[in-house]
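Student: Sequence:
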Amino acid sequence: MLFLAALFGCLQLANVTGRDTPDSRNYLSYALSLGGADKTEAAGRSIAYVCASRGETASRNHSVDVRRFRAPDPGPGIRAECDRYYHWSVGRRLDAGQTSGWTAPFMSERFMRIFEVRPGYPLLLLPFVTVFGVTWGLWAAGVCVAAAGGVLVFLLLRTLDVPVGPALAGQALYYVLPTGVTAMRPMTEGTMLALTLAALWGCALVLRGRRAGPVVALSLALLFTVKHSQALFLAVCLAGACCVIGVHRRRSGRAVGDGVKTLLKVTVGAAVGTVLLARLLHYPSESDSLQDLLTDHFLRPDRERPWREFLHLEVNFWIEWLRRQLAEPLFLVLVGAGVWGALRVRPAFGVLLVGAASTGMLSMAAHPDIAIDRLMVMVWLVAVVGVPLWWTGESFRPRRPYPFPSLTRRLRPRTPAGGGLGLRAGGGEPRSSPRP
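With the working numbering applied, the sequence shown covers 1 to 436.
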C-alpha cells in the first residue's frame, strides 16, 4: 500500500507545474493571507505562480506543435503578458477598495464570496506553502491528498474483507483513473474525494459493528469547511441510502440493524446542521450559484428568469453528455461494472457507495457546464471500489453443480485412481470412483 502511494508520488515529479486552474489562484491567495501576507503580497505570489505555469504549459505545447516548433518559444511572452494583465486587474480592484476577506480580488467581490466560505482547503495548503514555497508546496499538498485517497481506498476494501491483491488494485485504480489526476490539481476536489472516502470507510466500519459513527460525522464536518454544498449532498445521499437499506430489510422480514440506524441519525443530523449553519453564517445561496452560472461569474447582468433558463440548459447538457459518453463508453462500462460488483458482493454497502457517488451527478446537475467535467469525479468512486469487489465475487464464489447430469457426465473431471468418494467443490452430490 505504501509502496503504491510512494510510486504515485514519484511519478508526479514529471508535472510539478501546469496543473493550475482559474480557481487555484483564489485558494492560493487565501492560504497566503492566512499565513500573514497582505493582499498585495498574496496577489503577487499567486500571480507569479499562475503565470509561470501558463508560460511553461505554452512552451510544452509549442515544442510539439508540428507547424510552429521551429519558431521562437512563446512561453516567456505569455508569462509576461499574463503578469501584466493580472497586476493591472488586481491593482485596479485594490485601489477601488476591494480589500475585504482573505482572497485576493481577482474577480468581483460577489464572486470571491463563494471562495471565502471554503477555508478548509486553504488551511490544508498553509503548512505546505509555508515550508516548501508556492510551487513545491502546492505539488506536495497534491501528492499527499491524492496518496491519502488511494490509501483510504485500500483500507476501505480491506474492511469489506477484500483480499490484499484486489484491494491494491483498487488503490491503483484510484491513482490511474481521473480521480488521481483530479486529486493532484490545486483545487478542492482532491480533498473532497478523500473526505468522501473517509466517510464511506466509517460507514463500512459501522456496518461491521464498529462504533465508527464519529468517523462519518467528522468527515462530514470537515467537508463542510471545504465545500458546504458537497457536505449537504453527501449527507442527504447517505441518509437516502440508509432509508433504502432499511425499507428493503423490513420488506424482507429482517431487522434494520443498529448500524443502519446509527448512520441514518448521523447523516440526517449532518444534513440539517449543514443547512442551518450555512443560513446562520449567510453563505451564498442556491440563487447566487445559479446567477453565477448564467452570468459568467457575474460579469453580465443577473438573469430575470434564471430557473427557466437553467432548466433549458439542464436538458441540453444531459443530452449532449449522454451522446459523448456513448461515443466513448469507458466511463459507463467501468461505473456499471462497479455498481454491479458492489451491489452483488456487499449489497448494503453498495447502496451507500452508489449514494455517495451520486453526489457527483448532483454537483454536475447543479452546474451543467459541459467544459467542466471535474464536478462528476465522485462517480468514479463506484468504479474504484466496486470493480475490486466484483473481482473478488467472481474469483471466490463457489462453483455451481453441473446442469443436466446425464448429458455432462462424460465432461466432468475425474478423480485420480483410488480416490474413493469425495464432495465436489461446489457442494454438489458425492461422486464415485472412476470406472476402470
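It is possible that part of the hints are untrue.
Pairwise CB distance ranges (calculated) [said to hold, decoys possible]:
#1 Pro22 to Arg254: 46 to 52 Å
#2 Ile370 to Ala71: 54 to 60 Å
#3 Ile372 to Leu276: 26 to 32 Å
FYI, nobody ran anything at the bench for these hints, they're computed from the structure.
Beta carbons: idealized from backbone N, C-alpha and C, even for Gly.
Student: Look at each hint and say if it fits the structure.
Tutor: Cross-check of the supplied hints:
no.: 1; hint: Pro22 to Arg254: 46 to 52 Å; in the structure: holds, 51 Å
no.: 2; hint: Ile370 to Ala71: 54 to 60 Å; in the structure: violated, 33 Å
no.: 3; hint: Ile372 to Leu276: 26 to 32 Å; in the structure: holds, 29 Å
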